[in-house]
Amino acid sequence: MRPLTLVTGVIGADTHIVGNRILSMALEDAGYRVVALGALTPAGDFIKAAIETAADAILVSSLYGQGELDCRGFRDLCVEAGLEDILLYVGGNLVVGKQPWPDVERRFLDMGFDRAFPPGTRVERALELLASDFAARGKRIGVPETR
Amino acid sequence: MTIALLIDFGSTYTKLRVLDCDAGTVIASAQGPSTVERDVNVGLDAALSKLATSLRGLPPFTYRLASSSAAGGLRMVTVGLVRELTAEAARQAALGAGAKLVGSFAYRLTAGDAATIAGLAPDIVLLCGGTDGGNSTVILHNARVLAATALACPFVVAGNREAADEVTALLAAAGKSVTLTDNVMPALDRLDIEPARAAIRSIFMHRIVHAKGIDKAAARFDAVLMPTPAAVLEGARLLADGTSTASGLGPLVVLDPGGATTDVHSIGNGEPAEPGVIRQGLPEPYAKRTVEGDLGMRINAASIAAAIGPEQFAADAGVSLAQAEAHIGRLSADTAFLPASAADIRFDRALARAAIRIAMLRHAGRRETVYTAQGPVQLQRGKDLGDVALVVGTGGVLVNAEDAASLLAAAFADDADPQSLRPRHARLAVDRDYLLYAVGLLAQVDAGAALRLGLNNLHELECGVTA
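Residue numbers (my numbering), protein chains in the order written: chain P, 6 to 152; chain S, 567 to 1033.
Next comes chain P alone, as it looks inside the complex (with noise of 0.2 Å):
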């Protein structure tokens, strides 16, 4: 069976690249094949990875407070690059200040996001989600590679 694919990387000008390799690593462990595009990467490097990769997800990070600005239009551009039922993710230090985290997550969620992660979320409730947003596509996680 084919492995399921998911694009991560940290959108922007944003250089926090630590988190991002340790969740790309819990991906791959969980049996994912991790397409992982690293720090400073444009919203575009995303799309063109998904398409030419053909991966089920792309899971955003961006830790710096200007997710909300970067990840704007995310959606539109999967739409408009042929990936419309691709599962979209974001997570981080998404927004500047303090501000209530339903309010944050609302406003990802209509950005197109299918979920919105706070600091401090655990690894396992990610896997958990994504395993559960997989099965409700009827998609399952495949071995991982040898290699």
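Errors might be hidden in some of the hints.
As a list, the in silico SDA-like pairs of lysine to any residue whose alpha-carbon atoms are at most 20 Å apart [what the hints assert, rightly or not]:
(1) P:Lys53 to S:Glu650
(2) S:Lys782 to S:Thr578
(3) P:Lys53 to S:Asp698
(4) P:Lys53 to S:His707
Simulated from the structure, these hints should not be mistaken for laboratory data.
With chain P's structure known, arrange chain S on it following the hints.
The following block gives chain S in isolation, referenced to the frame of chain P:
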């Protein structure tokens, strides 16, 4: 004594070089007209009889190798998925194989695209798309579209390996000749164009040479190994890398400003020279060739002048704006124009400098500073050629120039555009006897002799200082 005969079937001339492989020197040169359209033997015989006259009979040749850019060169169409990813990787593979790209397509081919490709009648179509295990729907769609065309040319398939069997079967079922090879982009961060290049070269040797009528002269040579531009790239690679026993010259750039295109070759990994610089975008080929189809010194004189700015161009040529425009008009009408007067020569030099400057700008990578919340970060796209050791010029305009160094120096980095990663302190040299193609061909059978020949023939120019 080991003697080699090297033949270049060009679009205008059939050029011959007789080489002493032991000494790495040229014994004799001759050329005849290019007669591929009628019978390739006519021009070759004319050149061979000139050789026989100057050598008082032809010596026994150990090797007889040829390259060809005749009959339109190796005309290729490339197809990929995302324009900046597999479609670009396909272009790099075709250019690296010495092809003349007549069309490049991305995403799903339309009926209109199919008609365009059929109309182009390429010699080879390179079909790519999808990383391994990635997208397969688009390459399958494109294979179906191409299978339905009347194209009779060979296809090279170098896309997502999961789709490879089906793509091959679709094309083969429609009676197409298909060569399957490794994906040009097996993963998003990996470029692997050498297998596709090898497949293209093999088809060129075994089929295209026949289709172009070059094998009518088959009794006079052992093999037509590759298209001439691929031979030049192989020559450059040998000069840079050396052989298993002799070291080369290190990373280098070869510039070839011609009448119809300006070609740039670079050998080297182009990694950031400074620490802390982050690379972005497609990985770069170690041996990279770019072809600027809008920078031919004859057919594109007007666009070269426009690109550099008409006033600046006229000033560089030392003429008035009106004189410059009149001369450009003359060149566009007479693409075989050879400069005669001092003014003509000045004008050609200005054209060459402009073509070299722009072609080098496009070939070299760029570094930009992005200001992040954590401070400035340097991003690099493309190759950093700042530290290449050598810039080599080839082609008539450089070889015949009295001040080739001042023309080649147009390839150097300039302070006005520090983001462009062009050579900063390279030595300059010219390939005086137009031998790089011969070096590349000979390298296939005797790398040691080819390297000796290449090194002997490079004429280093004074003024290897930074611009």
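Comparing the hints with the structure gives:
no. : hint                 : verdict
1   : P:Lys53 to S:Glu650  : holds (8 Å)
2   : S:Lys782 to S:Thr578 : holds (18 Å)
3   : P:Lys53 to S:Asp698  : holds (15 Å)
4   : P:Lys53 to S:His707  : holds (19 Å)
Comparing the model with each earlier hint shows no violations; every hint is respected.
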